[in-house]
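**Q** Listed below, chain by chain, are the residues.
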Amino acid sequence: MTKAPVLILGARSDIGQAIARAFAAEGYPIQLAARNAETLEPVKADIELRQNVSVSLHEFDALATETHEGFVTALPDLPDIAVSVVGYMGEQAENERDLDAAARVIRSNFEGPASILAALANAFEERGGGTLVGVSSVAGDRGRATNYVYGSAKAGFTAFLSGLRNRLAKTGVHVVTVLPGFVATQMTADMDLPAKLTAAPDEVGAATLKAVKKGQNVIYVRRIWWLIMLIIRNIPEAIFKKLSI
Amino acid sequence: MKLSGWGRYPVHDARVETPRDEADVRALVTGKRQAIARGNGRAYGDSAINLSATIDMRGLNRMLGFDAKTGQLTVEAGVILGDIIAAFLPRGWFPMVTPGTKFVSVGGAIAADVHGKNHHKDGSFRNSVDWVEVMGADGTVTRCSPRDNTALFDHTLGGMGLTGVILRAALRLRPVETAWIRQITRPAASLKDAMDIFEDAKDATYSVAWIDCLATGRNLGRSLVTLGEHASLEDLSTANRKAPFATPKTRTRSVPLDFPTFALNKFSLRAFNAAYYKAGLRQQGTRLVDWDSYFYPLDAILDWNRIYGARGFAQFQCVLPLEASEAGLSELLDTIASAGSGSFLAVLKRFGAQQSAFSFPMEGYTLALDFPISAKTHALLEDLDAITLAHGGRFYLAKDSRMSADTLAHSDARVPAFQSQRTENDWTRFSSVQSQRLAL
Chain C
7 MTKAPVLILG
17 ARSDIGQAIA
27 RAFAAEGYPI
37 QLAARNAETL
47 EPVKADIELR
57 QNVSVSLHEF
67 DALATETHEG
77 FVTALPDLPD
87 IAVSVVGYMG
97 EQAENERDLD
107 AAARVIRSNF
117 EGPASILAAL
127 ANAFEERGGG
137 TLVGVSSVAG
147 DRGRATNYVY
157 GSAKAGFTAF
167 LSGLRNRLAK
177 TGVHVVTVLP
187 GFVATQMTAD
197 MDLPAKLTAA
207 PDEVGAATLK
217 AVKKGQNVIY
227 VRRIWWLIML
237 IIRNIPEAIF
247 KKLSI
Chain F
1336 MKLSGWGRYP
1346 VHDARVETPR
1356 DEADVRALVT
1366 GKRQAIARGN
1376 GRAYGDSAIN
1386 LSATIDMRGL
1396 NRMLGFDAKT
1406 GQLTVEAGVI
1416 LGDIIAAFLP
1426 RGWFPMVTPG
1436 TKFVSVGGAI
1446 AADVHGKNHH
1456 KDGSFRNSVD
1466 WVEVMGADGT
1476 VTRCSPRDNT
1486 ALFDHTLGGM
1496 GLTGVILRAA
1506 LRLRPVETAW
1516 IRQITRPAAS
1526 LKDAMDIFED
1536 AKDATYSVAW
1546 IDCLATGRNL
1556 GRSLVTLGEH
1566 ASLEDLSTAN
1576 RKAPFATPKT
1586 RTRSVPLDFP
1596 TFALNKFSLR
1606 AFNAAYYKAG
1616 LRQQGTRLVD
1626 WDSYFYPLDA
1636 ILDWNRIYGA
1646 RGFAQFQCVL
1656 PLEASEAGLS
1666 ELLDTIASAG
1676 SGSFLAVLKR
1686 FGAQQSAFSF
1696 PMEGYTLALD
1706 FPISAKTHAL
1716 LEDLDAITLA
1726 HGGRFYLAKD
1736 SRMSADTLAH
1746 SDARVPAFQS
1756 QRTENDWTRF
1766 SSVQSQRLAL
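Chains C and F, in that order, are what the protein sequence lines are.
Residues 7 to 251 (the working numbering) make up the first sequence, in order.
Residues 1336 to 1775 (the working numbering) make up the second sequence, in order.
Chain C extracted, bound-state conformation:
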């Protein structure tokens, strides 16, 4: 039996490709969506060779929200599972000075992914099934001085996913929120991350696959992050505002 495809939105990212590999290893055909999709030919070839599934490339711009409904209609097959890995961290210092840069971070992490998942949600709801996955961030669990522009956009996205899950719960469409914590990717290559808190992209892939299969709602890729964020969320604001974490 051939499976329905898995759509990866933001397929240029390490996490997106790791999630694609995880699903491909289970025999799912893969749809990779990104800007300049043709440059993902080597990624397509690699997944096709390694996992022996078919992979298609789709032009997609997360910020061009007016194109999102058309993008969904134009897909050759409506996917069974759609994963948004769209995101952009930016530089906090720059985001504080340059409001356009800040707006781009907010749009990339909230408006864009929310818009495309909304379009897919309507199509999935009409069909009466499917799974939507949003890769958000633990940075959205509480705003911190070091990355609150990015964090607040992720907070918005996390809330969006939670609401979407609530709305679709009775329709057979499931929504998964993935909170990866630190991940060793291109985006974080220059940061000095603690090894015990840092997942490899393939760990995020495996965790996402498992969450979809088991119908989990919200997952922290490394469990330790659940505890860390529980503590961070519960520090009284009067104390929190004086901390530098």
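Some clues are possibly wrong.
Stated by the list, open to error - Taking lysine-lysine and the DSS-like style, the derived pairs with C-alpha atoms no more than 25 Å apart in a straight line are:
1. C:K50 / F:K1404
2. C:K176 / C:K220
3. C:K219 / F:K1584
4. C:K216 / F:K1584
As the list claims (entries may be wrong) - A few chain C positions that, by computed beta-carbon distances, are all more than 10 Å from chain F:
5. P48
6. N58
7. L69
8. T73
9. G76
10. P82
11. Y94
12. R103
13. L199
14. I237
What the hints assert, rightly or not - Sample of chain F residues lacking proximity to chain C, with all beta carbon distances greater than 12 Å (derived):
15. K1404
16. I1519
17. I1636
18. G1644
19. A1703
20. T1712
Calculated directly from the structure, the hints in this document are not laboratory data.
Where a beta carbon is used, it is the ideal one built from N, C-alpha and C, also for glycine.
Please build the complex by placing chain F on the supplied structure of chain C, with the hints as guidance.
**A** This is chain F only, laid out in the frame that chain C set:
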């Protein structure tokens, strides 16, 4: 960051770069820094360490194309052999040549021109390589093969990364009917017996011997020689025939801590070696073994390099020309046994003829063993070097971590030619701690 080879000795503080694509590599090699490419870190010593720029190629690990008619697979250099097996064995293909670990990268396998248990029949890794693309110090990429740019091809295979950065390669895989190996184990009571078995078994696809490096006197060189063939469908039981590429998943274990040095002494090693030989005697005859257990028994113990303790270990691997093999091996084994500091697994293997400019193998016998690092080990290794030199042998650079430039020069008449190729072709930007030590 702190960097070492698989032997965990020596350890150097090196700048590690992690390129993601060809353009990143170009930016690194066209700078002023000396650089060496590094694959999955399976060379034992300092072959893949450069203090100013060690280029970690694991980010360039895409499979690029496969031709099911010819079995030709095109990959980036960072692809791991185990990934190739995972992807292609279920479709009936297996690497033509594989070393004793599947965790080696394709770039590393090319740079060291690795060999497997079929060297006597199929030659080194080189024989499975259709072409290689190498980036030079000026950032240009040259495709070389046995027909085009042959000097670059000859020196890249076995050139230890000293001809440039290996970016991509086309390899030929071998078609197989099953994932199983038909293995025959033959005990050999002495070195002479073991060599006779090898000489009789030249038609076997795979042959290798585990040798008890601590046996002395009339037991000197006692071995278990194993021969292997890819099993055909008819060789399998009816049940396995339905899924000929399915094998039991090998359980991996890891070594949770560095063994304390006292755990390894001549008594424990002698006992282990004796027990291993006795266990082998009970397994003689023919049996079917899955590919993973047959080719990669040590891979099942992740981090097995920790059993030699925190100070790390040194591998010794030499090859002796055929006519000098028996005398040379006897002297090597005598010296090791009387020093009493042998290893868990010593390996003896017959090599066939070898063509290339700087690869390790030559027709004859190769002996490989490891020793925990200590002052005594260093002295013993010097003795083993001298015996090897006296018998016209040479050393495997992928295993070396401590040889002197002088020893290398005496062991290998090809060194001056390799050095002058490096100067002529502007390859000298590429160097490793090892190549600097060996004055290559």
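**Q** Verify that the Cβ of G1644 (chain F) lies farther than 12 Å from every Cβ atom of chain C, and report whether the claim holds or is violated.
**A** holds, 23 Å
**Q** Should the label of Y94 (chain C) as a non-interface residue stand, given a Cβ cut-off of 10 Å to chain F?
**A** Per Cβ check, Y94 (chain C) is outside 10 Å of chain F; nearest 17 Å; holds.
**Q** Can we confirm that no CB of chain F comes within 10 Å of the CB of L69 (chain C)?
**A** The claim stands: L69 (chain C) keeps its Cβ more than 10 Å from every Cβ of chain F (closest is about 23 Å).
**Q** Grab the minimum beta-carbon distance between G76 (chain C) and chain F and tell me whether it stays above 10 Å.
**A** At roughly 31 Å from the nearest Cβ of chain F, G76 (chain C) sits farther out than 10 Å, so the non-interface label holds.
**Q** Is the nearest CB of chain F more than 10 Å from the CB of N58 (chain C)?
**A** violated, 7 Å
**Q** The output says P48 (chain C) does not contact chain F. Does that hold with a beta carbon cutoff of 10 Å?
**A** For P48 (chain C), whose nearest Cβ neighbour in chain F is about 5 Å away, the distance does not exceed 10 Å, so it is violated.
**Q** Next pair to validate is K216 (chain C) with K1584 (chain F); report whether the Cα-Cα distance is within 25 Å.
**A** Status holds; Cα separation ~21 Å.
**Q** Is K176 (chain C) within 25 Å of K220 (chain C), Cα to Cα?
**A** Given that 25 Å is the threshold and the Cα spacing comes to 17 Å, the pair holds.
**Q** Test the statement that K1404 (chain F) is away from the interface with chain C: the closest C-beta pair must be farther apart than 12 Å.
**A** At roughly 15 Å from the nearest Cβ of chain C, K1404 (chain F) sits farther out than 12 Å, so the non-interface label holds.
**Q** Is it the case that I1519 (chain F) keeps its Cβ farther than 12 Å from each residue Cβ in chain C?
**A** holds, 34 Å
**Q** Can we confirm that no CB of chain F comes within 10 Å of the CB of P82 (chain C)?
**A** holds, 24 Å
**Q** Verify that the Cβ of T73 (chain C) lies farther than 10 Å from every Cβ atom of chain F, and report whether the claim holds or is violated.
**A** About 28 Å separates T73 (chain C) from the closest Cβ of chain F, which puts it past 10 Å; holds.
Comparing the model with each earlier hint shows violations of hints 5, 6; every other hint is respected.
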